[in-house]
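Those protein sequences? They're chains E and L, same order as listed.
Its first residue numbered 17, the first sequence is counted upward by one per residue in this note's numbering.
Its first residue numbered 2, the second sequence is counted upward by one per residue in this note's numbering.
Hints were generated in silico from the structure; no laboratory data involved.
As the structure is a prediction and not an experimental result, all values here were calculated from the model.
Some hints here could point you the wrong way.
Some residues of chain E that are not near chain L, with every Cβ distance over 10 Å (derived) [said to hold, decoys possible]: (1) Gly31; (2) Ser89; (3) Met97; (4) Glu101; (5) Glu119; (6) Arg131; (7) Glu134; (8) Glu184; (9) Gln196; (10) Ala202; (11) Arg221; (12) Ser246; (13) His279; (14) Leu281.
Capping the alpha-carbon separation at 27 Å, the derived lysine-lysine pairs in DSSO-like fashion look like this [unchecked claim]: (15) E:Lys169 with E:Lys193; (16) E:Lys169 with L:Lys166; (17) L:Lys166 with E:Lys171; (18) E:Lys171 with E:Lys193; (19) L:Lys94 with L:Lys166.
All C-beta atoms in this analysis are idealised placements derived from N, C-alpha and C, irrespective of residue type, glycine included.
What follows is the residue order along each chain.
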Amino acid sequence: MSAVLEVHDLVKRFGDGPEMITAVDRVSFDVAPGEVLAIIGPSGCGKSTLFNVIGGLIDQYEGSVVVEGETVSGPHAAIGMVFQEESTFPWRTVEENVAFPLEIAGVAREERMRRAREYVALVGLAGFERHHPAQLSGGMRQRVAIARTLASKPKILLMDEPFAALDEQTRFLLGDKVLQIQQQLAQTTLLVTHNIGEAVQLADRVVVMSYRPGRVKRIVQIALPRPRTSEAAASAEFGRYVAEIWSDLRDEASRGMQDDETHSLRRA
Amino acid sequence: MTEHESPASRFAPAAVGVATIVIVFAIVEAMIRAGWINRFIVPLPSAVLASFGRVIAEENVLHRTLFTGAEALAAGILIAIFGGALGVLLTRKRVLRLATETWVAAIAASPLVLIYPLFLVMFGRNALTIVMIGFAAGLPPVILKTVEGLSGTRRVLIDVGRSFKLTAAQEFWKIRFPAALPTIFVGLRLGIMFALINIVGVEFLINFGGLGQLVNELAERYDLPAMYAAITFVVLVSVAFFLVTERVERWLATR
């Protein structure tokens, strides 16, 4: 099956001259329709840079991002982004938040609210349509953000550590919810994360990145059966995948840590 | 997740507020009667209360309240329009902002009411002078708070807008403006308060118009209970504007 998303030899540098930093270096991968691909790496491996480049929020890079055979630059309707930070609009109710992309697309109010309520129900928030984000927990707010992105019917759901601010148990449960939605919609998903368990729980393949400059170190196929739930975390295979990815990441994370310590010493 | 308030708890803040006023007045009344406060400077609260009927019937206080309220409303509308527009301009033009922000803050802290003779020369002894002084006094906080609100919009909300390919106008009206509304309205409330203080002050100084002039006349007559009663109407105008701006803010936030 041809890929929905292809990333070819992506290079992104920040700064000039001796201060120049190569955040990502010749990164290539592709994502098949309906696949969940996770990108994992230590802090400083360029995960967020990749997220922003693919989402079109950062320009001036080398290489290309191709969606269904078409090279794209800038934000693209085919790519829906879910951010790490809390990103719901506090002045809008849950259903108004979810209806936002439909409002921008010019869908009539009645129709967009009907469709918004469907997505609210899809993420398990039926009954909370008229609530404001301030009345919801962090996990519920992140589900509103996911529903809002899904309402724009993106071909690729691009998520940047969407559960980073949540506790471990909520993270597992929300992972289940994402799996359920992904399976229901056959939603092609690209997940950027630093959490190994999350990557193994959700992904079909995991791209392991090296520490700065971020390069693809290895791509791990996750052969856990689908439909999948967080109960898979108790299986021996799950543990093997976590151990395998950690053995790849350990050296990279150590390099990152040493780098941080060296910088701190220099600043002191 | 929602908090369902009982009727009792809904009215509790108002009840506590009224009770506090009653207690403070009772204490002041007792202190005056005991001779701890000079009754020729501060009238008995009971006398102030008793003078309300007289102030309403004989001093045309309701008409004067409306007059001062209309002046404050005119100044408030001007403040909202020009303060908002200048705030947007300073947010967009960084050089202008850096060049003027300190001056705007300095003007906010200056007693503009003292240059009322200049306004009298420019506009004459009429309501326009009073409105313009109110406008000048209330403008700086709205400019400063509009700049603060618009430039303080969280980056991630802007990124959400960019990911949905919003136009510049959509980004402003759908994200930056509603995100900044609470801060802008803090500025607007402050601005209207500054305007009202200055409006009443100038009415007092030039002996023209609404409540300020009435307070001046009653002070001249040394009718202290009636003067304090008239001041109460100034407070009522202020409360009315506070409630109106709160409603407008809520209405705008749901647009």
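Quiz item: Among all the numbered hints in the text so far, which are the ones the structure does not match?
Solution: 3, 4, 5
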